[in-house]
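There are 2 protein chains.
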Amino acid sequence: MIHVGLLLFPGVQQLDIIGPHDVLTGLPEVQTHMVWKTLDPVAASTGLRMFPDTTYASCPPLDVLIVPGGGGVNALLTDAETLVWLRATSRRLTHLCSVCTGSLILAAAGLLRGRRATSHWRFRELVAEGGGIPVAERIVTDRGQEGTYTVMSGGGVTAGIDFALALAAELVGQDEAMRKQLYLEYAPAPPFEAGDPETAPAHILQQSLEATAPNVAARRESVRAGVAMTAKLEAEGK
Amino acid sequence: MIHVGLLLFPGVQQLDIIGPHDVLTGLPEVQTHMVWKTLDPVAASTGLRMFPDTTYASCPPLDVLIVPGGGGVNALLTDAETLVWLRATSRRLTHLCSVCTGSLILAAAGLLRGRRATSHWRFRELVAEGGGIPVAERIVTDRGQEGTYTVMSGGGVTAGIDFALALAAELVGQDEAMRKQLYLEYAPAPPFEAGDPETAPAHILQQSLEATAPNVAARRESVRAGVAMTAKLEAEGK
Numbered sequence: 001m002i003h004v005g006l007l008l009f010p011g012v013q014q015l016d017i018i019g020p021h022d023v024l025t026g027l028p029e030v031q032t033h034m035v036w037k038t039l040d041p042v043a044a045s046t047g048l049r050m051f052p053d054t055t056y057a058s059c060p061p062l063d064v065l066i067v068p069g070g071g072g073v074n075a076l077l078t079d080a081e082t083l084v085w086l087r088a089t090s091r092r093l094t095h096l097c098s099v100c101t102g103s104l105i106l107a108a109a110g111l112l113r114g115r116r117a118t119s120h121w122r123f124r125e126l127v128a129e130g131g132g133i134p135v136a137e138r139i140v141t142d143r144g145q146e147g148t149y150t151v152m153s154g155g156g157v158t159a160g161i162d163f164a165l166a167l168a169a170e171l172v173g174q175d176e177a178m179r180k181q182l183y184l185e186y187a188p189a190p191p192f193e194a195g196d197p198e199t200a201p202a203h204i205l206q207q208s209l210e211a212t213a214p215n216v217a218a219r220r221e222s223v224r225a226g227v228a229m230t231a232k233l234e235a236e237g238k
Numbered sequence: 001m002i003h004v005g006l007l008l009f010p011g012v013q014q015l016d017i018i019g020p021h022d023v024l025t026g027l028p029e030v031q032t033h034m035v036w037k038t039l040d041p042v043a044a045s046t047g048l049r050m051f052p053d054t055t056y057a058s059c060p061p062l063d064v065l066i067v068p069g070g071g072g073v074n075a076l077l078t079d080a081e082t083l084v085w086l087r088a089t090s091r092r093l094t095h096l097c098s099v100c101t102g103s104l105i106l107a108a109a110g111l112l113r114g115r116r117a118t119s120h121w122r123f124r125e126l127v128a129e130g131g132g133i134p135v136a137e138r139i140v141t142d143r144g145q146e147g148t149y150t151v152m153s154g155g156g157v158t159a160g161i162d163f164a165l166a167l168a169a170e171l172v173g174q175d176e177a178m179r180k181q182l183y184l185e186y187a188p189a190p191p192f193e194a195g196d197p198e199t200a201p202a203h204i205l206q207q208s209l210e211a212t213a214p215n216v217a218a219r220r221e222s223v224r225a226g227v228a229m230t231a232k233l234e235a236e237g238k
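Quick mapping for you: the protein sequence lines, in order, are chains Y and Z.
Under the UniProt record's numbering, the first residue of the first sequence carries the number 1, and numbering increases by one thereafter.
Under the UniProt record's numbering, the first residue of the second sequence carries the number 1, and numbering increases by one thereafter.
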């Protein structure tokens, strides 16, 4: 059995986590786990409350960990309990994964040093604050050196579905992944084109850049604070 | 304020409901509601438990209703309480919507008679059991006659995202919808092509057709039973 954990935290962008969860749950030999500190319900960015099914303390040993993103990322970047758990969990993983701004948590935890990763288009560059190499692609796979985990990351929010299909193909083969794709009818056809900075109309992009500038600045500070906290944890042998 | 209800029922395919919920929540002048019979948590097809935030009895008057699909559809097709609530709710809607096999519930409730609608590719033809006109498109909009609701439907599971962007454009304009599309980075790029019967490799399609044949037959019976129940409810003036 391949144990896949998904980090379910307050303020998660719900589609970041639900996309991969629906793609991966039910695949043969795959067991998914929604992991958080406690079993109490967690509110996503939309307000939707969902139940974790295991905790940092009770989670079975994971083969794959997926960290989604969302507004709640900021608080996690300097959450010592989470950083320590991520670092300990990473040691036996075959795949360390993120969707959207989840990669910033991995970067803050020191787990992307020298590794290629993507993120939400607006926050992608911040991967570098933790020593990672930001890559402007929708799905990025970095196999790293022998004896370490593969880093697989997806871009913003809906990229979690594309990412999870690529991960499914790695875990259980492309035929199983394609069966799931057909089941989920994933033959996307957006009614208009504004899904990334390259295709969005100029005024839509400009509005988004302006509206999110304060968020990017604040999050850069949070990532730096997380990187500093991780350095301290490492010095303490954690 | 535009009140948008999403039906959250046991056995819902979680991505059917979470995709539209994440697209629509936070749009200006839009308030979303997760509706079910009670406020107790509801388990999706994956086992994930989520909380409704209102009930059939306490839901504010809705302008838009979205009914998702999933394995739990079968039980709802002959659930008199749900059929009666849907029929009553439909009377003041501007948009009656479905994702995936949610359209079969609308068909069973007698709300798609003479209307064009889509569904999951494998179950689409069953829309006709309730007098609807099945259409093999990813998003289908049927405006109907003056004085009735527009029917908007999305195909299987992930089509809910495409559908919800089209609905968002109707409700708050295409610029707002494009801003959300950019925020959600919805520039999809599946790692392989098997998302519909037209693109899936022949052996993947064949396996799927065989594996789901019993489900299609059982669901056809359930839709017919629902249509019969609705006829009885109508005869009773409900």
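Heads up, some of the hints might be wrong.
Any copy, or any two copies together, can satisfy a pair, since identical chains are not distinguished.
Said to hold, decoys possible - With a straight-line Cα cutoff of 25 Å, these simulated SDA-like cross-link-like pairs (lysine to any residue) come out:
1) 232 - 170
2) 37 - 128
3) 238 - 206
4) 37 - 232
5) 238 - 28
6) 37 - 49
7) 238 - 54
8) 37 - 53
Because the hints were derived from the structure by calculation, they are not lab data.
What you are looking at is a predicted structure, and each value in this text was computed from that prediction instead of being measured.
Hint check results:
1. Proximity of residue 232 and residue 170 under a CA criterion of 25 Å is satisfied in neither setting, with 35 Å inside one chain copy and 52 Å between copies.
2. When the C-alpha separation of residue 37 and residue 128 is checked against a cutoff of 25 Å, the pair qualifies neither within a copy, at 28 Å, nor between copies, at 48 Å.
3. Taking identical chains as interchangeable, the C-alpha atoms of residue 238 and residue 206 are never at most 25 Å apart, the minima being 43 Å within one chain and 52 Å between chains.
4. In this assembly of identical chains, residue 37 and residue 232 lie within 25 Å of each other by CA distance solely inside one copy; the values are 22 Å within and 50 Å between copies.
5. Taking the shortest alpha-carbon separations for residue 238 and residue 28, neither the intra-copy value of 35 Å nor the inter-copy value of 45 Å comes in at or below 25 Å.
6. Taking identical chains as interchangeable, the C-alpha atoms of residue 37 and residue 49 lie at most 25 Å apart whether they share a chain (15 Å) or sit on different chains (17 Å).
7. In the homo-oligomer, the alpha carbons of residue 238 and residue 54 lie at most 25 Å apart inside one protomer (23 Å), although the nearest pairing across protomers, at 45 Å, exceeds that limit.
8. Proximity of residue 37 to residue 53 under the C-alpha cut-off of 25 Å is found in both arrangements, the shortest distances being 10 Å within a copy and 24 Å between copies.
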